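*Asks:* If you want the building blocks of each chain, they are given just below.
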Amino acid sequence: MQSTAKREAPAARHTGAASSASEAARPLAGFTIVERAAGVAASYAGRMLAVMGATVIKLEPAGEGSDLRRAEPLLSDSPRVSALFQYLNAGKRFVTCDLHQGEGRRLLDELLLRSQLLLDDTPVAVRPALDLDPAAVARRHPELVYVSLLPFGAAGAHAHYKGYELNVLHSGGEGYLMPNGLTLERFPERPPLKIYGHFAEMIGGTSAVCAAVSALIARDAVGGQFVDVSSQDANVAVGCFAVQRLGDGVLENRHERSFKYGGVLECSDGYVGILTLEQRQWEGLVKLLGEPAWALDPAIKDPLERSRRGGEINRHLREWARTQRVDDLVHRGQALNVPLAKYNEPRDILEAEQTKARGLFAPVELAGLGSVPEFVAPFQLAGAVPPLAHAAKPAGADNAAIWGDWLGHDASRREQWKRDGII
Amino acid sequence: MASSDARGTAKGRGPLEGVRVADFTLHAAGPFCAHMLSLLGAQVIKIETAERPDIFRKPHPVYGRMGAASFDQVASNKLSVRLNLKQPRGVALAKRLVAVSEIVAESFRPGVMERLGLSYQSLRETKHDIVMVSISACGQTGPERGYAGYAPLFGAAGGLGTLTGYADGPPTEIRHVMDHSTGLTAAMAVLAAYLHKRRTGEGQHVDIAARDVACSFIGDAMLQFAATGTSPQRAGNDAPGLAPHNVYRCAGDDRWVSIVVANDSEWAAFARAADRPDWLADERFRTASERWRHRAALDAEITRWTRERTAEEIARRLQSAGVAAFPSYSAQDIAEDPHLAERGIITPLASAEGEQRKVVGAPWRFQRTPARIERWTPKLGEHNDHVFGDLLGLASNEIRELIEAKVIY
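Residue numbers (the numbering used here), protein chains in the order written: chain G, 1 to 423; chain V, 1 to 409.
Simulated from the structure, these hints should not be mistaken for lab results. All of these numbers come straight from a predicted model, not from anything done at the bench. Honestly, I wouldn't trust all of these hints.
Distance windows between CB atoms, simulated [unchecked claim]:
{"no.": "1", "chain 1": "G", "residue 1": "ARG419", "chain 2": "V", "residue 2": "THR347", "range": "31 to 37 Å"}
{"no.": "2", "chain 1": "V", "residue 1": "GLN121", "chain 2": "G", "residue 2": "HIS255", "range": "46 to 52 Å"}
{"no.": "3", "chain 1": "V", "residue 1": "SER122", "chain 2": "G", "residue 2": "LYS356", "range": "40 to 46 Å"}
{"no.": "4", "chain 1": "G", "residue 1": "PRO79", "chain 2": "V", "residue 2": "ALA297", "range": "27 to 33 Å"}
{"no.": "5", "chain 1": "G", "residue 1": "HIS255", "chain 2": "V", "residue 2": "THR347", "range": "42 to 48 Å"}
{"no.": "6", "chain 1": "G", "residue 1": "SER78", "chain 2": "V", "residue 2": "ALA297", "range": "53 to 59 Å"}
{"no.": "7", "chain 1": "V", "residue 1": "ALA50", "chain 2": "G", "residue 2": "ALA293", "range": "46 to 52 Å"}
{"no.": "8", "chain 1": "V", "residue 1": "GLY18", "chain 2": "G", "residue 2": "LEU296", "range": "53 to 59 Å"}
{"no.": "9", "chain 1": "V", "residue 1": "ALA288", "chain 2": "G", "residue 2": "GLY102", "range": "33 to 39 Å"}
{"no.": "10", "chain 1": "V", "residue 1": "GLN121", "chain 2": "G", "residue 2": "SER78", "range": "41 to 47 Å"}
{"no.": "11", "chain 1": "G", "residue 1": "HIS255", "chain 2": "V", "residue 2": "SER122", "range": "29 to 35 Å"}
Which stretches of chain G does chain V cover? Using the computed rule of at least three CB atoms under 8 Å from a CB of chain V, they are [unchecked claim]:
{"no.": "12", "stretch": "101-115"}
{"no.": "13", "stretch": "239-250"}
{"no.": "14", "stretch": "256-267"}
{"no.": "15", "stretch": "270-276"}
{"no.": "16", "stretch": "287-301"}
{"no.": "17", "stretch": "378-388"}
{"no.": "18", "stretch": "393-406"}
Cut-off 35 Å, straight-line C-alpha distance, at most; resulting in silico cross-link-like pairs (DSBU-like, lysine-lysine) [stated by the list, open to error]:
{"no.": "19", "chain 1": "G", "residue 1": "LYS393", "chain 2": "V", "residue 2": "LYS86"}
{"no.": "20", "chain 1": "V", "residue 1": "LYS197", "chain 2": "G", "residue 2": "LYS260"}
{"no.": "21", "chain 1": "G", "residue 1": "LYS393", "chain 2": "G", "residue 2": "LYS287"}
{"no.": "22", "chain 1": "G", "residue 1": "LYS301", "chain 2": "V", "residue 2": "LYS95"}
{"no.": "23", "chain 1": "V", "residue 1": "LYS197", "chain 2": "G", "residue 2": "LYS356"}
Yeah, the Cβ is synthetic: ideal placement off N, Cα and C, and Gly gets one too.
Using the sequences provided together with the hints, build the complete structure.
*Replies:* Right, dumping it as structure tokens:
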């Protein structure tokens with residue numbers, strides 16, 4: 001049996017109905033994780049670990065804290081308050097510590113003595129100077145799991161490469177393959193298109209959580225260990241079909257990857273997506289179309305023939321879709337087992353009965369904005385979305401609780417550290 | 001404890017060694033989840049029937065060609081058995097498999113496992129501490145729980161596809177990466193649930209909706225909308241305030257490089273590395289806000305420079321100067337990249353025909369508990385004898401009779 005985490009950090013209090021959630025919905029309760037994350041990938045990983053119940057202590061540079069606090073999209077222009085940072089950091093504890101000073105590094109060591117996992121995106125070249133060289137950390141903390149998450153990993157010829165979201169997306173192969181379908185038809189000469197936001201980095205973060213939890217599972221048997229996670233590797237993994245097809249003799253590109261028919265359809269009041277991979281789904285679509293003569297042509301009962309005549313089918317589908325209303329189409333189509341979905345705007349998602357029924361958003365208190373619903377987690381454990389402890393807080397908001405109450409450093413010492421720019 | 005070879009690669013048991021997964025998943029998202037668990041060392045038994053095999057195993061013509069184009073990579077590393085769940089004896093055998101497993105994974109439409117007599121509640125009666133993960137389009141609850149879907153539709157419903165596209169264009173399909181990111185998220189959640197079981201003895205049911213996963217990738221936009229009433233719109237490759245931030249045409253056919261400059265010092269480094277001091281003197285590009293305002297002109301300038309050079313040369317030169325640049329990798333680039341080979345994410349594997357193929361391996365490098373890909377895609381039912389005989393203890397004549405009765409089918 002896995003031992004429970006020792007000397008647990010002061011956990012965040014959960015608010016409202018969340019407090020009744022079962023412990024199964026917080027499977028990492030009792031683990032203390034130190035997060036040193038300048039980028040989105042590691043911040044997202046920490047966010048997932050926190051919502052699973054771990055006490056995640058985010059270590060930021062003294063002063064204004066992480067640059068992500070001012071990153072787009074914004075909750076407020078002046079001062080710049082980042083919606084991205086708030087989303088990525090809800091539920092964590094916030095301490096500041098300057099690792100460029102010896103006292104700061106000693107403080108981090110103290111924290112790691114009481115933690116089970118370090119999640120770190122410090123560039124490889126910078127680590128030794130901050131006492132974050134993995135071998136040295138392992139000597140000091142043999143039971144600690146050290147998860148390194150970098151754009152291109154901690155080892156290999158590109159380990160020192162710098163990479164932001166756009167670079168990571170293109171390093172993993174999916175960037176080259178975007179867009180397809182209607183977007184590509186309309187703009188075939190434009191450069192490859194990125195996926196919204198920080199998709200590729202969040203894939204890296206999700207992969208890091210898989211590694212972190214796996215290493216915690218193995219910890220009883222092997223103790224701590226270093227785990228090298230690369231956002232590029234994670235994106236290569238989720239894009240694995242392109243590598244498989246290369247082995248089959250097909251080098252995919254965005255111009256040939258499009259589905260031959262279906263895809264994005266413009267309706268009278270928005271967009272739907274439609275995709276019929278199975279014969280019965282096509283037959284359902286024919287019924288949804290009202291069985292027009294062109295769709296009853298015996299030749300296109302054959303799926304290969306449909307592929308060959310995809311352009312013609314699309315012309316019919318697009319003409320028809322423009323006369324339809326999105327919600328009605330989705331409702332009637334799904335009743336006929338036709339896979340289609342509305343291209344939901346944020347407002348649609350927030351107001352959808354499906355969203356409410358699943359409890360996907362929880363209120364958080366944001367300074368100056370009051371109570372705002374925030375997306376909690378992309379998973380439900382033990383029958384519910386896990387509780388969201390609280391909103392992100394200012395840099396160093398938990399300095400007194402962590403450095404003082406938990407680690408036992410008195411107020412005068414903390415004041416001195418503050419004057420010295422250590423915390 | 002693991003040892004290391006000359007390359008520093010850990011040898012030893014994966015972190016999930018000794019864990020068995022009864023894998024009822026189909027298509028892409030669910031199988032990818034189970035595949036991740038197999039890379040971590042779990043023994044994953046894929047359960048299918050010849051009556052209705054995984055559609056991704058069957059050739060399908062959506063891309064205009066017939067072939068199982070989407071199967072091998074997520075079925076590799078697994079064991080395969082045939083089991084007809086429409087027969088009561090098939091269901092009984094499935095329960096025996098669950099009884100010797102720690103994790104159950106399924107990706108039927110909500111309600112199907114229940115109709116088969118394999119709901120979480122009934123499997124709990126078979127094994128009280130079972131951890132079960134269900135992966136579906138919209139989840140096990142809510143009015144849309146029965147909705148059918150594939151990757152682009154998950155991206156649509158969850159808003160990710162809506163926000164992806166050009167400012168003057170339609171929303172955009174998110175393809176297999178949407179399936180597989182759902183599978184990766186499911187793996188993350190079920191690992192946590194399994195760890196909880198190890199610590200407490202308590203199993204649970206994990207519910208993953210691809211729609212919710214897509215929404216998690218736009219959590220920042222959702223929060224901005226909820227707080228302010230406005231949200232980001234489709235914006236092509238733009239990232240507000242950042243320029244250069246684009247994909248630039250290079251020498252060669254359909255060759256591109258991604259370049260991102262996040263601050264003034266990176267901009268200065270870029271201009272110096274490109275040997276273009278005139279860019280630094282240009283008033284339009286002097287500050288971040290000016291570069292953003294004049295990004296179309298800036299992109300045109302940069303393209304004039306990049307299209308004379310290869311993407312690889314540009315990436316090397318800019319990275320040496322501390323600027324984030326990387327070629328837009330095709331699958332060929334990925335397969336041939338020494339960095340990825342060194343990390344083991346691209347690795348050779350013998351196919352069923354004995355051909356050495358490059359495949360995508362495990363995306364993690366554990367120092368002591370290595371994750372790895374070891375076996376090619378199994379044939380349907382390839383491991384019937386091992387699983388039903390060695391594992392469940394059925395005699396060979398019993399197995400034969402079950403095959404004749406189309407239970408093992």
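*Asks:* Would you mind marking each hint as holding or not holding in the structure?
*Replies:* Each hint tested on the structure:
no.: 1; hint: G:ARG419 / V:THR347: 31 to 37 Å; verdict: 53 Å, violated
no.: 2; hint: V:GLN121 / G:HIS255: 46 to 52 Å; verdict: 49 Å, holds
no.: 3; hint: V:SER122 / G:LYS356: 40 to 46 Å; verdict: 29 Å, violated
no.: 4; hint: G:PRO79 / V:ALA297: 27 to 33 Å; verdict: 31 Å, holds
no.: 5; hint: G:HIS255 / V:THR347: 42 to 48 Å; verdict: 29 Å, violated
no.: 6; hint: G:SER78 / V:ALA297: 53 to 59 Å; verdict: 28 Å, violated
no.: 7; hint: V:ALA50 / G:ALA293: 46 to 52 Å; verdict: 37 Å, violated
no.: 8; hint: V:GLY18 / G:LEU296: 53 to 59 Å; verdict: 56 Å, holds
no.: 9; hint: V:ALA288 / G:GLY102: 33 to 39 Å; verdict: 34 Å, holds
no.: 10; hint: V:GLN121 / G:SER78: 41 to 47 Å; verdict: 54 Å, violated
no.: 11; hint: G:HIS255 / V:SER122: 29 to 35 Å; verdict: 49 Å, violated
no.: 12; hint: 101-115; verdict: violated (count 0)
no.: 13; hint: 239-250; verdict: holds (count 11)
no.: 14; hint: 256-267; verdict: holds (count 7)
no.: 15; hint: 270-276; verdict: holds (count 5)
no.: 16; hint: 287-301; verdict: violated (count 0)
no.: 17; hint: 378-388; verdict: holds (count 6)
no.: 18; hint: 393-406; verdict: violated (count 0)
no.: 19; hint: G:LYS393 / V:LYS86; verdict: 54 Å, violated
no.: 20; hint: V:LYS197 / G:LYS260; verdict: 46 Å, violated
no.: 21; hint: G:LYS393 / G:LYS287; verdict: 54 Å, violated
no.: 22; hint: G:LYS301 / V:LYS95; verdict: 39 Å, violated
no.: 23; hint: V:LYS197 / G:LYS356; verdict: 29 Å, holds
Hints 1, 3, 5, 6, 7, 10, 11, 12, 16, 18, 19, 20, 21, 22 from the earlier list are contradicted by this structure; the remaining hints agree with it.
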